[in-house]
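K.L.:
Start from the sequences, fold in the hints, and give me the full structure.
2 protein chains.
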Amino acid sequence: MKKMNSTNQHNLETIRAICGTAHALSVIGGRWKPTILHLLLHGKMRYGRLRRVIPGISERMLVLQLRELEKDGLVRRIVYAEVPPRVEYELTEEGLSMKPMLESISAWGRYHHAKNQTEQEENEEEELAKKLEQVLGDLTP
Amino acid sequence: MKKMNSTNQHNLETIRAICGTAHALSVIGGRWKPTILHLLLHGKMRYGRLRRVIPGISERMLVLQLRELEKDGLVRRIVYAEVPPRVEYELTEEGLSMKPMLESISAWGRYHHAKNQTEQEENEEEELAKKLEQVLGDLTP
DNA sequence: CAGAATCCAAAATGATACTG
DNA sequence: CAGTATCATTTTGGATTCTG
Chain L
1 MKKMNSTNQH NLETIRAICG TAHALSVIGG RWKPTILHLL LHGKMRYGRL
51 RRVIPGISER MLVLQLRELE KDGLVRRIVY AEVPPRVEYE LTEEGLSMKP
101 MLESISAWGR YHHAKNQTEQ EENEEEELAK KLEQVLGDLT P
Chain G
1 MKKMNSTNQH NLETIRAICG TAHALSVIGG RWKPTILHLL LHGKMRYGRL
51 RRVIPGISER MLVLQLRELE KDGLVRRIVY AEVPPRVEYE LTEEGLSMKP
101 MLESISAWGR YHHAKNQTEQ EENEEEELAK KLEQVLGDLT P
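One line per chain: the protein sequences are L and G, in this order. Residues in the first sequence are numbered from 1 upward in steps of one, following my numbering. Residues in the second sequence are numbered from 1 upward in steps of one, following my numbering.
Hints may contain errors.
If several chains are the same, the list does not tell them apart, and a pair holds so long as it fits within one copy or across any two.
Computed cross-link-like contacts, EDC-like style, restricted to lysine to aspartate or glutamate with a CA-CA straight-line distance of at most 16 Å [claimed, not checked]: (1) Lys71 - Glu119; (2) Lys115 - Glu94; (3) Lys71 - Glu93; (4) Lys115 - Asp72; (5) Lys44 - Glu94; (6) Lys115 - Glu70; (7) Lys44 - Glu70.
No lab work stands behind these hints: they were computed from the structure.
P.N.:
Here's what the structure looks like:
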């Protein structure tokens, strides 16, 4: 059990190759990609603006994710030969082809999130009710 | 710069709360969940069978992912009081509601995978052509 | 059979300082 | 401005052993 010689990596690659869903998720997955893609769906954007509007992202992550998206052919990087430098990012045609999928995911996500939200609240209410019952039980036998 | 007290965790939660897509991805994401969900879309399945048909998954991961899916209300765990024990897993109604989304993701994934595949081959052909040119160039000035 | 528990490796993310 | 480089930390995944 010295080296696992990346069974991990191997498993990942295998699954990506067989399963379309896994492949898609590996492309749009990661913590920040959904947000970046969402923003770029509305039009091109400069690097600095992206950094400022995405709350909490580090420069390292932003560049990294952008580079991956670029490598996957979803995002185009446009460099203007100016000073101070200016770089814009925009979706390619292939990137735009994700729109229906992204909307489908987003819709289900919001639906599920809302549902779980209310369930949680119900659970909390139940717990509260239980505690209340205990307390009251002691007082009113 | 001692403790980051999980800015990581915080960022994740924030994004999940704001962005439907990120929330959905955190639910169906992970290396094995797409495969598990895909299998369960075809009907209920026993634990052992899941383990056997998913190539390369470890028991730990299988149980872990199933538990998460259960917690998120997508999968139901059915225990039969028999010996030897028997446990089956099936999608809940909420789990089934993912079907259109999953198909949309899978379709795009396969499309994108195929496209990148051919692009890679084209690149390889180009490289090959270049090398060939170099070799031939030396021979036929 | 279906898993729980433990321990370790690898990948993802974050903070920060520096540069053309 | 738009990054790059480096290092620390957090999270995820895998192997193995044990149990009701």
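K.L.:
To test your reading of the hints: which numbers does this structure violate?
P.N.:
Every hint satisfied by this model.
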